[in-house]
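Novice: Going line by line, the protein sequences match chains B and E. Going by the numbering used here, the first residue of the first sequence is number 165, and it counts up by one from there. Going by the numbering used here, the first residue of the second sequence is number 8, and it counts up by one from there.
Treat each hint with caution, since some may be false.
Partner residues are not named here, just some residues of chain B that face chain E (Cβ under 10 angstroms, in silico) [as the list claims (entries may be wrong)]:
hint: 1; residue: Arg329
hint: 2; residue: Thr337
hint: 3; residue: Pro352
hint: 4; residue: Gln353
Only some residues are given here: those of chain B computed to face chain E with a beta carbon under 10 angstroms [as the list claims (entries may be wrong)]:
hint: 5; residue: Pro328
hint: 6; residue: Leu338
hint: 7; residue: Val344
hint: 8; residue: Arg348
hint: 9; residue: Val349
hint: 10; residue: Pro356
hint: 11; residue: Val392
Hints listed in this document are in silico derivations from the structure and should not be mistaken for laboratory results. Cβ atoms here follow ideal geometry from the backbone N, Cα and C, with glycine treated the same way.
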Amino acid sequence: MRYINRKPGPVLATFLALLPFALVLVAYMIGSEMRLAENPADKLLPAPSTIVDTAQRLFSEPDKRSGRILLWHDTAISLQRLGIGVAISAFIGLGAGLLIGLFPHIRAGLAGFIAVISMVPPLALLPILFIVFGLGELSKIVLIVIGITPFLIRDLSQRVIEIPREQIVKAETLGASSFVIALRVALPQVLPRLIQAVRLSLGPAWLFLIAAEAIASDLGLGYRIFLVRRYLAMDVILTYVIWITFLAFVIDFLLKKLSKRAFPWMEEGL
Amino acid sequence: MSFVSVRDVFQSYGKRPILERVNVEVDEGEFISIVGASGCGKSTFLRLLLAQETPTRGTISIDGNPPAVEPNPERGVVFQRYSVFPHMTIRENVVAGESFAQPLGRFFGADRRAARDRADTVLERIGLAHVADQYPSTLSGGMQQRLAIGQALTAKPRILLLDEPFGALDPGTRLQMHDFLMELRAETKMTVFMVTHDLTEGFKLGDRVLVFDKPRWDPTDPEAFGATITYDFDARDGGIPFQRLTEETHVPVPA
Chain B
165 MRYINRKPGP
175 VLATFLALLP
185 FALVLVAYMI
195 GSEMRLAENP
205 ADKLLPAPST
215 IVDTAQRLFS
225 EPDKRSGRIL
235 LWHDTAISLQ
245 RLGIGVAISA
255 FIGLGAGLLI
265 GLFPHIRAGL
275 AGFIAVISMV
285 PPLALLPILF
295 IVFGLGELSK
305 IVLIVIGITP
315 FLIRDLSQRV
325 IEIPREQIVK
335 AETLGASSFV
345 IALRVALPQV
355 LPRLIQAVRL
365 SLGPAWLFLI
375 AAEAIASDLG
385 LGYRIFLVRR
395 YLAMDVILTY
405 VIWITFLAFV
415 IDFLLKKLSK
425 RAFPWMEEGL
Chain E
8 MSFVSVRDVF
18 QSYGKRPILE
28 RVNVEVDEGE
38 FISIVGASGC
48 GKSTFLRLLL
58 AQETPTRGTI
68 SIDGNPPAVE
78 PNPERGVVFQ
88 RYSVFPHMTI
98 RENVVAGESF
108 AQPLGRFFGA
118 DRRAARDRAD
128 TVLERIGLAH
138 VADQYPSTLS
148 GGMQQRLAIG
158 QALTAKPRIL
168 LLDEPFGALD
178 PGTRLQMHDF
188 LMELRAETKM
198 TVFMVTHDLT
208 EGFKLGDRVL
218 VFDKPRWDPT
228 DPEAFGATIT
238 YDFDARDGGI
248 PFQRLTEETH
258 VPVPA
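So here's chain B without its partners, still in its complex pose (with noise of 0.2 angstroms):
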């Protein structure tokens, strides 16, 4: 039998998916015995054991100074700052990718444009971010808007223009103006998409997040790992590696779930 045509069963499955992160967590506690056998005040790579410790610290005991959790508050900050950008982002790219899509001549006037403007590097412009925006929140927002903004109007522009033709000729038979067929025919039909650009843009905008934070800030994930980086505490940036995966990966799958439960007429994606 072929091999493209062999199929794991279900145990298989599942133990070949687990199998890539048993041998990165093997291979890192190898590596971190060697390195603590050598010498026991290593900072680079802490044993697993250390970082459980300091996760559960982090996670539980309050500041010594402020009396607060940093991490809840970390948290808190960061994806507030990461809702709003992409919250803003996803709505200018819906919106700016239904007029690209549908009209003719926005698309003759914009579309160019914003081919050329996708290719600016955001975080060439942080500097000029900070400096007009100062350091508060805003430059951190408008960071992640910039960064992501250009690649959900590309996407969803596209796909308004991939709706068939037939279906935006039938609506004018039904005597559908331009609105309508925005509103009723194009609009619902890109919103699952735009979960997904939002999904695949999640990426890079926890990237311009957190470059953003490590700059200036003083509060966020970011800005913590930055900080702790001085001290070589391995333990507490990889918690908050972790940590922040593991939040992107829970943000990914709800907004997977949420695209399946409010879209039943969509065929199965990703």
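Guided by the hints, dock chain E onto chain B, whose structure is given.
Specialist: Below, chain E alone, put in the same frame as chain B:
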């Protein structure tokens, strides 16, 4: 004056002529089948009737109205695929036939309930009442096309355009759809234009069969000339012509 009148229509894409000098007059209530080889311009002709494209020369008018520049509710259309809205339930699809002409594309309050009731009547008629709350992707190809026809007729068009509506269906379903279409037509007396690849289907359903072909052919440059209507068959009475000639006997008929 005839109901649909196509006068001296030419259509070319760039320098390439597709249709040349197409003239046809159609009476209200006629069923016109349009057949021809691939690439002979029959789909182009349907797009012109639909006003999705405007002819480079000539005019097409329905009921004496000025030629349309974009698709409008005078014309209903059913394509081979993508004729229903996948994000709406079956019932919503039928309601859309009326509500899309509203400013916001939907009805509110009492209008909404009335439209739903009318839609349910339509669904009952086209045999889809039992799946009213499902989405089109759950329907078979034949049911989707029935829905598409029902939806198009809900908007009360003057002419119905069918672009190979049964092309993607299996032969058995196709026969059922023929019966369905014949019944609907008998009820509504709709003027229908149907593009088809299937000659049997064209002759079975149509009152007239228009054949598109290229009357001039340059073997060194096959694309030099466009196509036009080369035959206009009378397909009534099982395709046997001259069944309805009444001799003028000049004998006074007692009243």
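Novice: Are the hints correct? Go through all of them and say.
Specialist: Cross-check of the supplied hints:
no.: 1; hint: Arg329; in the structure: holds (8 angstroms)
no.: 2; hint: Thr337; in the structure: holds (5 angstroms)
no.: 3; hint: Pro352; in the structure: holds (5 angstroms)
no.: 4; hint: Gln353; in the structure: holds (5 angstroms)
no.: 5; hint: Pro328; in the structure: holds (4 angstroms)
no.: 6; hint: Leu338; in the structure: holds (4 angstroms)
no.: 7; hint: Val344; in the structure: holds (4 angstroms)
no.: 8; hint: Arg348; in the structure: holds (4 angstroms)
no.: 9; hint: Val349; in the structure: holds (6 angstroms)
no.: 10; hint: Pro356; in the structure: holds (9 angstroms)
no.: 11; hint: Val392; in the structure: violated (48 angstroms)
Of the numbered hints stated above, the single one contradicted by the structure is hint 11.
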